[in-house]
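Now that you have both chains on their own, put them together as the hints suggest.
Chains as they are written, first to last, in this note's numbering: chain A, 1 to 571; chain B, 1 to 191.
Warning: the hint list may mix true and false statements.
Here are the simulated SDA-like cross-link-like pairs (lysine to any residue), alpha carbons at most 25 Å apart as the crow flies [unchecked claim]: (1) A:311 <-> B:41; (2) B:82 <-> A:118; (3) B:27 <-> A:122; (4) B:82 <-> A:270; (5) A:311 <-> A:341; (6) A:289 <-> A:485; (7) B:82 <-> A:485.
Computed Cβ-Cβ distance ranges for the label pairs, DEER-style [what the hints assert, rightly or not]: (8) A:339 <-> B:93: 41 to 49 Å; (9) A:367 <-> B:70: 50 to 58 Å; (10) B:73 <-> A:284: 22 to 30 Å; (11) A:488 <-> B:165: 55 to 63 Å; (12) A:569 <-> B:70: 41 to 49 Å; (13) B:145 <-> A:284: 40 to 48 Å.
It should be emphasised that the hints constitute simulated quantities derived from the structure, not laboratory data.
In this text, a Cβ means the ideal position worked out from N, Cα and C, and glycines have one as well.
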Amino acid sequence: MELTGAQALIKALEHQGTEVIFGLPGGAILPVYDPIIDSSIRHILVRHEQGAGHMAEGYALATGRPGVAMVTSGPGATNIVTPLANAYMDSTPLVVVTGQVATGSIGTDAFQECDITGVTSGITKHNWLVTDAKDLPRIVAEAFHVATTGRPGPVLIDVPKDVSQSMMEWYWPEGTDDLDLPGYHPPVGVDEAAIAEAISMLLAAERPLLYVGGGVIQGGASADLRALAERLNLPVVTTLMARGAFPDSHAQHLGMPGMHGTYTAVTALQRADLVVSLGARFDDRVTGKVDGFAPLAKIIHVDIDRAEHGKVRHPDLAIVADCKVAVAALASAAGSATPSDLSAWWSELRGYQARYPLTYEPHDGHGLLKPQQVVETLRDLSPAGTIVASGVGQHQMWASQFWNFEEPRTWINSGGAGTMGFAVPSAIGAKVGRPDRTVWAIDGDGCFQMTAQELVTARAEGIPVKIAILNNAYLGMVRQWQEMFYDERYSEVYLSPDLPNYVMWAEAMGCVGIRVDDQRDVEAAIEQANAIDDRPVVIDFRTDASEKVFPMVPAGLSNDAIMVHPSQEQR
Amino acid sequence: MTPEPIELPSSQGELRHHVLSVLVENKAGVLSRVAGLFSRRGFNIFSLAVAPTDPSRRFSRITIVVDAASAPLSQIVNQLDKLINVVEISHVNEQSVVERELLLATIGVAFDQMAGALALCASFGAEVLDATASEVTVTLAAHPDQINAFCELLAAYRVDQLHRTGLVALPRLTTPPVSPASAEPTDPHSN
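So here's chain B without its partners, still in its complex pose (with noise of 0.2 Å):
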């Protein structure tokens, strides 16, 4: 299996993607919701992750990315707002966001293959996690051009299987807060 060329936000030219950072109250049917609201209203989501955010797992941060050609940002962002279950929307672009994706691939080496796999991986930071003498499984946090870029070099061997996350991005600290609802400073893990 070759992996399919994955196009992300990109530093260069123009904007393909927002990505949007969504807190949401962890509760039952949230991310149903939220995918409903972006398929109904026709914006397409290209990736989205989610996980409880606080350790009294009250809320959930989504980090969604969503097709720009779709629909104009202040639309998606007020029409999610308008979910009750939304509690704080942060538009995060590439100047002024950290952004991780992870990936996890199984490749097929031959023997005489092996030294050279491991020094790919090496180079990039990714870590083996499993191996066997003709397949090894591969990790790798990293911001997403450079996912691109050891997926483009793994195409060399012969992908077993490869998935990743899809991005998550947290906005760096000075950005504030887009969301309609920051007009009325709330903190949401106060009450």
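Excised from the complex, chain A in its bound form (with noise of 0.2 Å):
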């Protein structure tokens, strides 16, 4: 069967089971646009490329499976660098489609001619310029099997204008063996010896902690882990990758570590005898000062992508393999063996929790609302299975904080690259990939001005997502380091509660606006936003901009350091 390297651009992904593409058309990528029309998947027109990048990773975090994006050259290739990037930092599986000049153009400075590979090289797992119509549909099944497998990650491939219009002859390959792939050997298995050795430190330890990692949502080890971590006793810390890994209301749970994570699972980590990071990669808003991270710990790091055995701490016991794999084997190891007593722990960290819970000062009846408590009311309100999507600063910790995530996949957020503008996107690929769930995007009003327009792609899809805009009128979070660090003295951090007027803006792309200044009405409007469900919705909360995240590790110093709200101060 002969068909042009569009042609078969298009059916190698409906063979990959890709149901939507985000994407957006221009010159170099027109004649793939041209098959779509007859394809069975469904494409969905963005407004602007940066949105297609991260709808495909919404989708991808919401279902495990690859998120798909396809743009054209130039400027519409760099305008998805910034998800690639994202995608990168948080291993999210990615296929970007990119369209490129002719192969003859290519180093003549053409119009929308952008060396795309090279831009990329670093924040895509790998990249491929197709030069011959020819390699097509393998080069797709490459993509998606690099994508998918070992430590996920992002791809590209960059398709010049004329190989997606030359002929070639269908073929489609039928496994890995006919792939040209032969520096990739991601890793299989786990060594039975490594999991008998971590289970004897397990027994042996007397503060031992499990330390989760997105890699447990990767690898779909959530019953695996309760398991493990029920059958002998272990506290469990989930990073901001990892909520919804373990559930929040599960009595072994401390909550998020980090630099706003609860006062005991940071503490957990500066006391425990034995941490066992599954899946989680040392990130420096975890560990605070190196030095000073979890001094008193051995280390077994389980992690698929050896690299990061050592990169930051040096493990003690480094396993390499698929969380799926290494945290069954060890919740199976775990099942023969006798629990050790673990009561002075659980003494201590009860004491902890019960010392510095996570707090803040509830609405007296007067001012602005407390963006905490919306957070809280807006989790009591919703329904079970809710997807939440966040953008990056005091609402993504205020979220991570207060939701209550009781199973993984609900939480999609941009956690090392803290990239502002995530949510609303990430929401509506979420909400693609799981249309039977209810999706709120938790946003600040610096975060949803980066990439709102992406509502309208929402309405005219019938993508009824809810939007939450927790509106400070500031970049909140770099405020509350001018506060705190830069003596109050505020540069270039106001934004304004009116300006863009919210509820008509939302309007105008043809949501739901609602705004929201009265304590009284916070519940009301939720519950109004929670029926519709024929359009987006986006709420107006207007927030004390005084309200800092706690607690908090000061940037570059160790855990002790940690600031608790000020209300539990000298107790």
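Dropping the structure here:
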């Protein structure tokens, strides 16, 4: 069967089970857009290519399947660089297809030419410049294989216009043997001797702790994690990337560690004599000053990427394996072990929890809304299984702290890269992947202004996401640092609560717009929003800019320097 | 022009450099991926030499001499191994390596210096490639220590141009590769 390269590309995406492409056409990718009309794949036309990338990420995070985005060359391609960098930091599987100028024009500074494989080589797991249409099915199969196996990540396929226009004889690679990846061997299995050693270290420890990262969600290892933790009565902390990997309601869950983690989670790491890292990477936002991190602990580090072992902290035992395999093996081995008595450790931890719970001062009937309280009300009024997306900043930390995540893939956020504007498009992508779920974006006013235009996409495509803007009229996290560490010298952080007019903007984009500035109206507004299922809803919650995120470990200091909420000081 | 003294892996004293012999797919952009990885991870490259390695030209071998102070060897190897086009990595050290470097140098020699210059070349096994009445271009393929010694003696003359290729090296035949990929035995030439 003779096909054009463009037809072969779309057919290959169909063979990979692609159900949706997020994209925006342009000159160099034009030939590939023609066969989309005849394809079973849904295409979602975005308003800006960054939106396509973040939607693909939200889709991938919510479903566990790779997100697919397609854009044109030059500025189309550079506009999707931020999502690629974001997905690379958070190990999210993405396949991004970019158009490229014709092969004969490459290197001539042709119209809309950009060396996008060069630009993205450091922020993709791999990328390909296709030079012959007959390579397309193989490269698409390679791209999905690389994106989704081993440590997942984004990949990019750059397709010159003449390649997509030329003819090729269709074929489909039957398996990985038909791929041309002689240097790619993702780890399989797990070293059983290392598992046995890990279990004996766990049984010997007096103050063990499971430090759970995004790898547990990527590996679908939540059930085995729970079995392991329950069998050995182990305390668990879940990083920002792992919220939902272990139920927040579980008695053994201490919450999130790190700069804005719970006092108990942070202190448990500092006090532990054994830290078992499961698919986490000792990010600086978790460790604080590395020299002072978990100073008493031996480290067992389970990661599928061996380059993570020893990158930040030397492990006493390194296990190279997918969390799916390793946590199952640990749980299985723990099943026949006799749990040790951790009552002294639990007693210590329960003391921290009693003394330093997450807290804030609730609304006293006057003034602006309390953002933490808005998050709690939203949590309590939304259906179980609601998916929450967020941008980056204070609202992200409050969402992570005060929402109750009970299952994996219900928390969609930008962890490593800290990409403002992530919430709206990633919520749209999540809703496309999980139309059965309610999807709320908890956003900040600064973030919302970066990518809000994608609500036009959401309305046009019938994707009823809900957006809660915690509108404190500031770039709040920067404001918090300026208040605490720059003598309250507020430099370039004020945004105004009324400019733009968020309700009018929402309505102009075909959404329902609601503004709430009275505490008594919070519940009714949320209930109204939850009842709307035919279009997106935006609620502009007017919140108190003086609220800060606590606890806080100041940047560069040891976790021992954790600052609790002012109401908890010197008690 | 006086040749800069060049420090290389020395059999005496502390290890200053790691020598990595890296088999890569011979595809467009691979050298850039390798160099880009070193720069963004903060690994300092001391020298780098690359050329196709098999008759089918499917693979190239890159010999990289990397500053040992810039990162632990395991980090460099493991990060390098994550590049999809990297097929196999061998770490080679003084005891287990065969290594060569190539020097090309043009030196200005007065008439009365010519005999001495040619004798110097002969004593190192350097070959004269080109000559005029007042200039000689010589080449020497040797162990980097020998090239260092030769360069020091060349400095007695007027060195007009000097070019060193950087080290190329191969493990001695008994050294197992340290590449993580070697956990699963693969013959890169088999498929």
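Against the structure, the hints:
no. : hint                        : result
1   : A:311 <-> B:41              : holds (11 Å)
2   : B:82 <-> A:118              : holds (17 Å)
3   : B:27 <-> A:122              : holds (17 Å)
4   : B:82 <-> A:270              : violated (32 Å)
5   : A:311 <-> A:341             : violated (33 Å)
6   : A:289 <-> A:485             : holds (17 Å)
7   : B:82 <-> A:485              : violated (39 Å)
8   : A:339 <-> B:93: 41 to 49 Å  : holds (46 Å)
9   : A:367 <-> B:70: 50 to 58 Å  : holds (54 Å)
10  : B:73 <-> A:284: 22 to 30 Å  : holds (23 Å)
11  : A:488 <-> B:165: 55 to 63 Å : holds (60 Å)
12  : A:569 <-> B:70: 41 to 49 Å  : holds (43 Å)
13  : B:145 <-> A:284: 40 to 48 Å : holds (42 Å)
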